[in-house]
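There are 2 protein chains.
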Amino acid sequence: MKLRDIGEDRLLDRLLSRLSLGKKVLDGPGDDCALVETRDHQNLLVIKADCVVAGVHFLPTANALHVGWKAMMRPLSDFAATSAVPQFALITLIAPGKTKVEWVERLYRGLSRAAKRFKVSIVGGEMSGTAGPVAISVSVVGFVERNRCVSRRGGKAGDDLFVTGRLGGALKQKHLQFVPRIVESRWLTRNFPIHAMMDLSDGLGADLPRLAKASGVGFAIEMENLPLARGAKVDNAISEGEDYELLFAISPRERARLFRSWKKKFPKLLLTRIGSFSRLSTRNYQLLPSGYTHFQQPG
Amino acid sequence: MKLRDIGEDRLLDRLLSRLSLGKKVLDGPGDDCALVETRDHQNLLVIKADCVVAGVHFLPTANALHVGWKAMMRPLSDFAATSAVPQFALITLIAPGKTKVEWVERLYRGLSRAAKRFKVSIVGGEMSGTAGPVAISVSVVGFVERNRCVSRRGGKAGDDLFVTGRLGGALKQKHLQFVPRIVESRWLTRNFPIHAMMDLSDGLGADLPRLAKASGVGFAIEMENLPLARGAKVDNAISEGEDYELLFAISPRERARLFRSWKKKFPKLLLTRIGSFSRLSTRNYQLLPSGYTHFQQPG
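Protein chains in written order, with this note's numbering: chain A, 39 to 337; chain B, 39 to 337.
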């Protein structure tokens, strides 16, 4: 069997479940970030690595500034998902010898600008040649207060499901210029008990089932409430991905206060209740337009 | 200008010197590992990322077990250079869709075995497709006691220069199966004041000048004393690289005690004094066989 014939989630589950993790690891493979214990009893150490590859995550003709920005912001979006504070980043650049030095300098400018936006220090860089396309891997290290860290696993049946911003259409331009929702996520965990959270990188249709599965619950989405980006249709919002918005679960008891405080704090950023978590035992098939069967979830 | 026309050291120096590092960064770009401050006042946080690429660091026909081993051991060798303790690792796999799942499973077995050897927990994995060759990036996080961390910068004129093991011929097989000198490095800093240290990945001819430059000193090598691997000649030892042995500088006052204790502790591993650091102001050209001009260093 080849990689293209097996789901990435399934393979990674299989590969990583065999590993013995050690007792200092609180959240490991499968969550947005790895969370580990250190001698600092108040905080957890947070680690994340991610990569972008030419032809997969950006077109070879893309502006190198934007490529660098995206390469840095992708792992930072996982920090947002965990409500963690990023501090240090390492860059690994894999590029063919024919790559122009000027392109690499622009790439680093993009990486550096993105890092500065969140006060992240770039503390190391490695380079390797390749016979293939350019790839940039960025590793980020930071921390989260023990009582503010959020994973995918705490969602409860009955929880409201919220998303920030608007979904769909990100592939046109936004995916190269998005700002991870770190400020919003930090504000949320300072002011509200967030049960479960993730960032939307593969599209609601792929990501929401992951959040529900990790929390051991079902879900119901109110399709008519999905906050669509300008020009986007429901299927763009569900299937395209690269939105890098937050999806989170919170008790409906907080709903009124959340809406009120959010509007005051982030008047320009939409916050939308898109549905709720449900008991896994009820067969909560979605009433979805046909064609979205991959989005359905047997109870 | 293209990447192939500019030295990696020079380009990285240029790119990374522009970055503002923040006051928590003690050792950043250019050293073997990044060292940063945390709330733990006794220890420093140590971070390193490195990658291996098919066709560059291994042949596409290499045993995937060995590829995984090497991918993990390369950043761990940088931990040895810093005398740091590795704890957590993240894997990023970039591979074409045609890659066999079985190959990836063997790769992960190699990564996992290498990690276990040093009690490192693999806490996360990412995957991306590519139209090019397989690449594996490994990021490692750990710690070093503030009073035991070693950089490339502490060497003094008059210091003895030592290397562990034997040099040359590593490209035949050793580069896929080497064991980073973490145990030896930890023992060294527990028992001796090591002034400067690095791991030899690019060959003594490229690496020793880096160590000397970072320490602001010159050097003199006794070529006849170089510990050669079986079948290797002096130019293999100098130019080939991939030895992953330690090169370190220590006061000659420690020489007798170092040799005596080393033989007792590591009876099977050679330790060789190969020369010394000298004042930078004396024009200490090497008496080297012609052809090694890249190994000479003007004072």
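Please note: incorrect hints may appear among the correct ones.
When chains are identical, the list treats them as one kind, so a pair holds in a single copy or across two.
Said to hold, decoys possible - The calculated DSS-like cross-link candidates involving lysine-lysine, where the alpha carbons are at most 27 Å apart (straight line), are:
id, residue 1, residue 2
1, 301, 40
2, 61, 138
3, 138, 303
4, 306, 40
5, 40, 62
6, 212, 303
7, 40, 136
8, 61, 154
9, 301, 251
10, 302, 251
11, 194, 212
12, 154, 136
13, 138, 40
14, 62, 154
It should be emphasised that the hints constitute simulated quantities derived from the structure, not laboratory data.
Hint check:
no., hint, verdict
1, 301 <-> 40, "neither (48 Å within a copy, 50 Å between copies)"
2, 61 <-> 138, "neither (46 Å within a copy, 32 Å between copies)"
3, 138 <-> 303, "neither (44 Å within a copy, 50 Å between copies)"
4, 306 <-> 40, "neither (46 Å within a copy, 44 Å between copies)"
5, 40 <-> 62, "neither (34 Å within a copy, 45 Å between copies)"
6, 212 <-> 303, "within (23 Å within a copy, 59 Å between copies)"
7, 40 <-> 136, "between (30 Å within a copy, 5 Å between copies)"
8, 61 <-> 154, "between (34 Å within a copy, 14 Å between copies)"
9, 301 <-> 251, "neither (30 Å within a copy, 56 Å between copies)"
10, 302 <-> 251, "neither (33 Å within a copy, 56 Å between copies)"
11, 194 <-> 212, "neither (32 Å within a copy, 52 Å between copies)"
12, 154 <-> 136, "neither (29 Å within a copy, 38 Å between copies)"
13, 138 <-> 40, "between (34 Å within a copy, 4 Å between copies)"
14, 62 <-> 154, "between (30 Å within a copy, 15 Å between copies)"
Violated hints, in rising order: 1, 2, 3, 4, 5, 9, 10, 11, 12; the structure is consistent with all others.
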